[in-house]
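Please build the complex by placing chain Z on the supplied structure of chain L, with the hints as guidance.
From first to last, the protein sequence lines are chains L and Z.
So for the first sequence, UniProt numbering puts the first residue at 1; every next one is plus one.
So for the second sequence, UniProt numbering puts the first residue at 1; every next one is plus one.
Check before you lean on any hint, since a few could be wrong.
No distinction is drawn between identical chains; accordingly, a pair holds when it is met within one copy or between any pair of copies.
When the alpha-carbon atoms are kept at most 27 Å apart in a straight line, the in silico DSS-like pairs for lysine-lysine are as follows [what the hints assert, rightly or not]:
id: 1; residue 1: Lys514; residue 2: Lys578
id: 2; residue 1: Lys514; residue 2: Lys155
id: 3; residue 1: Lys614; residue 2: Lys112
id: 4; residue 1: Lys645; residue 2: Lys277
id: 5; residue 1: Lys331; residue 2: Lys588
id: 6; residue 1: Lys315; residue 2: Lys578
id: 7; residue 1: Lys166; residue 2: Lys372
id: 8; residue 1: Lys88; residue 2: Lys105
id: 9; residue 1: Lys485; residue 2: Lys262
id: 10; residue 1: Lys123; residue 2: Lys88
id: 11; residue 1: Lys315; residue 2: Lys264
id: 12; residue 1: Lys372; residue 2: Lys331
id: 13; residue 1: Lys484; residue 2: Lys255
id: 14; residue 1: Lys645; residue 2: Lys483
id: 15; residue 1: Lys344; residue 2: Lys514
id: 16; residue 1: Lys166; residue 2: Lys108
id: 17; residue 1: Lys277; residue 2: Lys262
id: 18; residue 1: Lys428; residue 2: Lys343
id: 19; residue 1: Lys284; residue 2: Lys514
id: 20; residue 1: Lys372; residue 2: Lys343
id: 21; residue 1: Lys404; residue 2: Lys123
id: 22; residue 1: Lys5; residue 2: Lys49
The hints are simulated quantities; they were obtained by calculation from the structure and are not laboratory data.
Remember, it's a predicted structure, so these values are computed and weren't measured experimentally.
2 protein chains.
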Amino acid sequence: MTELKVNRVAVRKLLDAVKADGRISLTAPEGKLVCDAYGIPVPGEGLAKSAEEAAQLAQGMSYPVVMKIVSPDILHKTEAGGVIVGVKSDEEAMFAYEAILANAKTYKSDAKIEGIQVQQMLKGGTEVIVGSITDQSFGKLVAFGLGGVLVEVLKDITFRLAPISKEEALTQIGSIRAHELLDGVRGSEAVDRKALADIVVRVSQLVTDFPEIVELDLNPVFATAKSAIAADVRIVVDFDYRPREPAHSHDDIVKGMTRILKPKSIAVIGASNEAGKIGNSVMKNIVNGGFAGKIYPVHPKADEILDIKAFRSVKDIPGEVDVAVFAIPAKLVAAALAEVGEKKIPGAVLIPSGFAEAGEPELQAEIVEVGKKHNIRLMGPNIYGFYYTPENLSATFCTPYDVKGSAALSSQSGGIGMAIIGFSRSAKMGVSAIVGLGNKSDIDEDDLLAFFEQDEHTKIVAMHLEDLKDGRAFSEAASRVSKKKPIVVLKAGRTSAGAAAAASHTGALAGNDKIYEDVFIQSGVIRARSLRQLLEFARGIPLLPTPKGENVLIITGAGGSGVLLSDAVVDNGMTLMKMPQDLDEAFKAYIPPFGASGNPVDITGGEPPATYQKTVRLGLEDNRIHALILGYWHTIVTPPMVFAKLLVEVRDEMKAKGFEKPIVASLAGDVEVEEAAEYLYQRGIPAYAYSTELPVEVLGAKYKWARGAGLI
Amino acid sequence: MTELKVNRVAVRKLLDAVKADGRISLTAPEGKLVCDAYGIPVPGEGLAKSAEEAAQLAQGMSYPVVMKIVSPDILHKTEAGGVIVGVKSDEEAMFAYEAILANAKTYKSDAKIEGIQVQQMLKGGTEVIVGSITDQSFGKLVAFGLGGVLVEVLKDITFRLAPISKEEALTQIGSIRAHELLDGVRGSEAVDRKALADIVVRVSQLVTDFPEIVELDLNPVFATAKSAIAADVRIVVDFDYRPREPAHSHDDIVKGMTRILKPKSIAVIGASNEAGKIGNSVMKNIVNGGFAGKIYPVHPKADEILDIKAFRSVKDIPGEVDVAVFAIPAKLVAAALAEVGEKKIPGAVLIPSGFAEAGEPELQAEIVEVGKKHNIRLMGPNIYGFYYTPENLSATFCTPYDVKGSAALSSQSGGIGMAIIGFSRSAKMGVSAIVGLGNKSDIDEDDLLAFFEQDEHTKIVAMHLEDLKDGRAFSEAASRVSKKKPIVVLKAGRTSAGAAAAASHTGALAGNDKIYEDVFIQSGVIRARSLRQLLEFARGIPLLPTPKGENVLIITGAGGSGVLLSDAVVDNGMTLMKMPQDLDEAFKAYIPPFGASGNPVDITGGEPPATYQKTVRLGLEDNRIHALILGYWHTIVTPPMVFAKLLVEVRDEMKAKGFEKPIVASLAGDVEVEEAAEYLYQRGIPAYAYSTELPVEVLGAKYKWARGAGLI
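Next up, chain L with everything else stripped away, as it sits in the complex (with noise of 0.2 Å):
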């Protein structure tokens, strides 16, 4: 990001006068004095303080103008009567000094009048909507959106964390659903982009350098072919907002993770020989798992568990320690956690219920309170605890899971935990790591993100949450680990939020989950529309090899599906290949005349295995082609079995010569297919009977993600 040329000087001197004033909010003038601080054009303009002065101010800046009273006590300008417009003679201006100050003084009558504003009036162009709220968990988001009534309704407005560089307001604005309008429609002129995304960078700059405007509305800007001029400008400050602090270096968090999830050594605090207890549970999974390193039972009374040597304390405990896990009651933990704490163990897994959830947050202050003043990462509470395979470690009471492989997943919810368990365990999905984060007392997200950015078991990140503590963190995790590996992420609680009241024109028009979309958007992080969506690109995304261009080929077997499965092409943001002629030619050559070419490929339901086997290995051959999605058709001439068989083989052929591009499948057929689409699954091709969507579904999301880090 280039620095630009601002005048912080100015603006700092300005709300320093308005801190002393003891106001929230800056006046027209005000604004415009911070607009030109940094670079923000707004319309020529002045301060009449008679109405001669006002006619005078008018003439110079050539008529219509608008004028409008300049009132700390009067924020609503327009309710109050103070806003007159269009504005064309010296008489008419002299007029409306009048009445604007008699209509102020019916409004409220102690009113603190500094004056008039005159300002040159704007015509033509589009409105837009450039504007910035500072939220609880994002900090300073710059907000872009179509101006007018219609928009309104429509909230065609988009987000982005703030500071951003002029590439990405670029993106922003192109991103409104509207956007085309921009461009010029029914012969009106297309705006000039870059003038909008420079105004956008510099309020980005501006909210960023000053924490204290925490709302800020500029509406409408004009925008034309030549320029974008801010009409109206409104500041809403706060001198008591102070930006989040990050609490923990990267560094810190990465070491500090590393010793929770892949520990020498573990103490199960609460840990029992009592089948049925959580602590049993824990144990049980610890030492059955194959964990290698060290294990400490602590228990008041017990001197073995489980055979091992059961230790009073953690206090007791001869070497040093990696991380605690907690199998007792909420009431004992804060004394446990302290015992911890001087044992210098610097992570804890706290899998009790019975702190925020349970109507107890001060059970949970009082936990954080000890892990603050004693270092120690608290994981949780309300968890069913982690599982990291690489370690053989099952650190919960759940059932144990040890299919190794690249998908890390994590859930905010135990339900959903479980639910991930499940899922994994009948699509026998590999995972590296499978975590629960519960009250997210400490440990959330943007720790876990950290960590799976340097996990070499770790290819891809999948989370399930229902809120950000920490937005910005988040954001600038994921923003940093989405370039190397893809990020999933199913929000919920996507329609109950209503955002909370605001104050400000952009803020109304920001829901809560809108901004999770364009951030996420802005992050690199795809989203998952539902829980088996999450599971299925947890699973389906890794096993894809990258594209390496936009140029989709569909090859199917049945006609129905490549129909279905090109509308699916389409939805999930792909492009269908238009095929060259050479290549149309070379697929007629291995498919029927009444077959068609072109995309989809259309082999026609009686073939062969040869016909699939020679159009697939054209699909992989030729460079053009970036990624196939095959559509079987079940026939007795060529069985699901048959089908699965020689696709795996054509894929390992033509990966030993070099050619390797992402393969889908969809599977229409009697239940065979079933088989078929497992064993290609497990053969690292995406697979499902039955669906045309699901495997378009997956290939998009691997789409997204290439795109987001930039790989095509």
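Relative to chain L, chain Z alone:
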């Protein structure tokens, strides 16, 4: 529908004159006359033949006025400089008259000029569009949208088959995305929706009465709180256009379809003893499937097929035959079909491919001819055949299927048909029928609807289709049938269909898929968004009793599932019941103090079976609640099968007491939840493992149907 007062004679006369002129469009004054005749409000106006007359006319209707060239040779008036707006005085009117005349001469020197139209200029209000287009499949459609540049970009327009009632028109107007705008936004007044609906109704009647009006635009219509006036009228005619006539009466359709789907005797043309041949598979499936009627194999040489006496030709069969199933090569079909006609067999199931789909449209045209000549209804060609389980009839070469149930499914594509069979078998979904429609040379979806409407074994119809040959007949049948039985449609080819370029404005806004979407809504059809959804809806909807109201309650053991289920409720257009205080307290009595009442009722994770029992019982018992969504969380305290069994028990217990409501369930947990979900599904409770969205989608589809059928 109440009869509108309209002047058909005037329009007939006017159109006859246009026809005599050899014109294909109406002039603006003619358009106004048509509007006058149909009671569509238009601005005051007159035709001036001189500058003075223009000034005189303008005076009479009060300034400002718009002046427009009237010439049959100038269609694009603005382009020709033939429009001047905002004419404010007599002087200006006279000047404008001469200016327009001069412009028109420059534009087209030989243009026949009839005068200059002087028109009252409408101001203020909201601009909308009312229009009509003529679609090949759907016939006359009436359109409503918002006017202005933004809507053109957002394509916010809706269609309905004409004619429509005022009530339907109000629904149509309310279905644009930005309909809030009509209610007044930011101080602007709400428009008179009834006045708009009246215009829509009158347009729909006009194009119905005069099919030669193939395109009509009222654009813009200015809508205010008191009136709606069409400022501009554009009408295009095609005197060769003929609306499609129904080929068969409803009774004939039912009779014909009954003889095909419930035959007493079947001839199999091309029956064979040779394994692997289609004619062998078909015979085996019919015989072994347990069909109890007469079977007549037809073979040129064999005396017996599968030990059943064979005939050389259908003409040799002694008794009456209801249907002939064809399993012979395409080229032989026409001749054999003629014999079927001579034998007076009223139905033919044409399995063979090799017709239009294989580049042989003439071959298909020939069989259609033969069918018409002999009054034979044709199913196919290019199909797998059909299943009708109540008669144990598998008239297909595919694998037999015999799980009886209440879902009738059809597919245009063979591949999708195979997916239906595979899914059905895998999910043990009971079906009444599965029918392949293939090339739809004759029998199509509306014929099937007419049959399934009166088929006592069918409770739901689920259809895959790529197009509708006769969209109007489909809509008529669907509108009627959907009042009794849910119809689910998966329309493939959503994204590929670019609407053919149309001359009219309304036409240009009409994406082909948008018309399907709107006609489905108008006809009470539930649209499936994916193949899997079509199948899940077919499976789940008929199991659910019809809800008696909109109050949906979630009872969940996992808070995380509750949040996701709530999202899904909103996504699927349902309403989370607002809990009355007494009910809230009644639930509270059953759940732990840290559980959450309200909606969702969060019973928390560690609860015993009794908690599920009591809360579900209460949910079924209280008549203010209309549907239940359960979120189960796998625990040792209440294992999956314990939950499943108790849920069925409580459901049955309450049903016996007269309390019956739709229940769906989402099961989060380890793999045992799959068995529990299956157990529940088999007992009438749609339940899904690892998914919070699927059960809610099924319930949402049931609701959508019930609302469309007027049951809630």
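Checklist line | Violated hints, by number in ascending order, as checked against the structure | finding: Hints 3, 6, 7, 14, 15, 16, 18, 19, 21 and 22 contradicted; others consistent.
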